[in-house]
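Going line by line, the protein sequences match chains A, B, C and D.
For the first sequence, this note's numbering gives the first residue as 3, with consecutive numbering after it.
For the second sequence, this note's numbering gives the first residue as 3, with consecutive numbering after it.
For the third sequence, this note's numbering gives the first residue as 114, with consecutive numbering after it.
For the fourth sequence, this note's numbering gives the first residue as 114, with consecutive numbering after it.
No lab work stands behind these hints, which were simulated from the structure alone.
One or more hints might be untrue.
Computed footprint of chain A on chain C, listed as stretches where at least three residues anywhere in the stretch have a Cβ under 8 Å from a Cβ of chain A [what the hints assert, rightly or not]:
| # | region |
| --- | --- |
| 1 | 119-130 |
| 2 | 141-155 |
| 3 | 204-217 |
| 4 | 235-247 |
Computed from a predicted structure; not experimentally measured.
For every residue, glycine included, the Cβ atom is placed at its ideal position computed from N, Cα and C.
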Amino acid sequence: MRMKLIGQMHVLVVEMEEELDHHIAQNVREIIDKELKRTNAINLVFDFRNLSFMDSSGIGVIIGRYKIVKILGGSVIIVSPQPQVRRIIEMAGIHKIIKITNTLDNALKMV
Amino acid sequence: MRMKLIGQMHVLVVEMEEELDHHIAQNVREIIDKELKRTNAINLVFDFRNLSFMDSSGIGVIIGRYKIVKILGGSVIIVSPQPQVRRIIEMAGIHKIIKITNTLDNALKMV
Amino acid sequence: MDNMMKLEFLNKSNNERFARTVAAAFATILDPTLEELSEIKTAVSEAVTNAIIHGYEDSTGMVCLEGRIDGRTIEFIVSDRGKGIEDITQAMQPLFTGKPEMERSGMGFTIMETFMDSIEVESVLGGGTTVKMSKTLKDR
Amino acid sequence: MDNMMKLEFLNKSNNERFARTVAAAFATILDPTLEELSEIKTAVSEAVTNAIIHGYEDSTGMVCLEGRIDGRTIEFIVSDRGKGIEDITQAMQPLFTGKPEMERSGMGFTIMETFMDSIEVESVLGGGTTVKMSKTLKDR
Ligand SMILES: Nc1ncnc2c1ncn2[C@@H]1O[C@H](COP(=O)(O)OP(=O)(O)O)[C@@H](O)[C@H]1O
Ligand SMILES: Nc1ncnc2c1ncn2[C@@H]1O[C@H](COP(=O)(O)OP(=O)(O)O)[C@@H](O)[C@H]1O
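Given the sequences, and given the hints that come with them, work out the whole structure.
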């Protein structure tokens, strides 16, 4: 997992790698929440380009962050989920409340 | 596994893929021996470029074919073994009796 | 039965990935499509994660993953000897979770049902839970 | 002990690849180098192949692959309940094989010894064979 802050837009970009399951989720959650507090970011972009697998633990991570960011008045955007990840996202109905787009550039225009 | 015959040189080129273990070896042996008979080839080139794994069952396959080809008066050449495969070959001393080279072109010049 | 395997492992969360990799490696024997393989991996990941976090919670125990192949049909049985499920019908409802505080989504069983052809759950309170899932792969 | 797993599977030759993939997936928990991973995969492949072809020959039986992790040390135990080895010292000699007609090279034990840090073989004639191998991985 890598993170970068785009300060003037208050966007935290989280680039996930490999596989997001319950084991990984525990860490990811903590790190993102700390970073949101530390940086005063209010928008969150999940860059899923390099995420090859996600199970329902990932749904919990996304929805949990969505709730926090909503309270801050910002939004969550998902970039480029691979087919397996996209199916999980759609099965959970996440695409109805969170925007999905193909490139990081697009995501940054949408926040 | 793919095979091609270079008729005027009496060379049978065997391109191995994925992993060569005891399970695969049983088949490989039979197919090569049949093809040597059918085509009257006397030289054998093992193209190992795309072989990602080999265990000691592969040693048996190589040495077994070496013995047959020697009787026919031809030679065996190994092309481009990956590191794991090369280690097994060297551990078994195969490199002392069989030539190893980097390209198929080189191998064809060497038969 | 054409093939079978049985894997037991500690209920550590870093074994979740290990267990679904094993399931995928076993399924590979049937030369599945990429889609079938990722469905199997996901379904097994859900069942194994449940055994680890809901079955055992903070206690130590072993999780069992059995695989069976019969023709083009592959079956996985994930079992634990943990706390068991009180109301299976409720547990299997989409979005139901016993652990909202852990940000569980309650989608685990729904994913297993969607990605596999059939699923059967047996559970004994205090005795453990067994989830049996099967899927018939496309002829190749 | 930090982690453990136990895998049992039928003595079918298409499980050789499955078993070494499982060993590699278990070792992956320790984040090994590519070289360490391929050494482990090869050593386990040799032991499992031996159980299948020498242990059981044409009869049906189960092969067991256990894995244990302790710090940076990983141990694998491959066992069968097959015919056993009469003379272990002879069996472990480089180039010795009981099945030259199958084009076995007699290099299996030599590869296990070279790729792992230690190997112990126990065998009971008619009772089966257990090969225990361990390797301490580089700190990362
Ligand atoms: N192996 C198990 N042992 C005990 N309870 C379980 C087990 N598997 C599932 N459950 C119960 O069923 C509920 C629903 O499971 P699931 O649909 O996978 O959603 P989630 O894991 O997100 O809670 C769990 O929250 C838990 O209460
Ligand atoms: N699990 C086993 N059960 C019975 N005999 C075995 C077993 N493993 C090894 N052996 C004996 O030891 C010999 C040497 O084994 P190895 O060095 O792996 O070479 P290879 O498999 O090429 O014969 C075998 O040929 C066999 O006779």
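Hint check results:
no.	hint	result
1	119-130	holds (count 4)
2	141-155	holds (count 4)
3	204-217	holds (count 3)
4	235-247	violated (count 0)
In this structure, only the earlier hint numbered 4 is contradicted, and the remaining ones agree with it.
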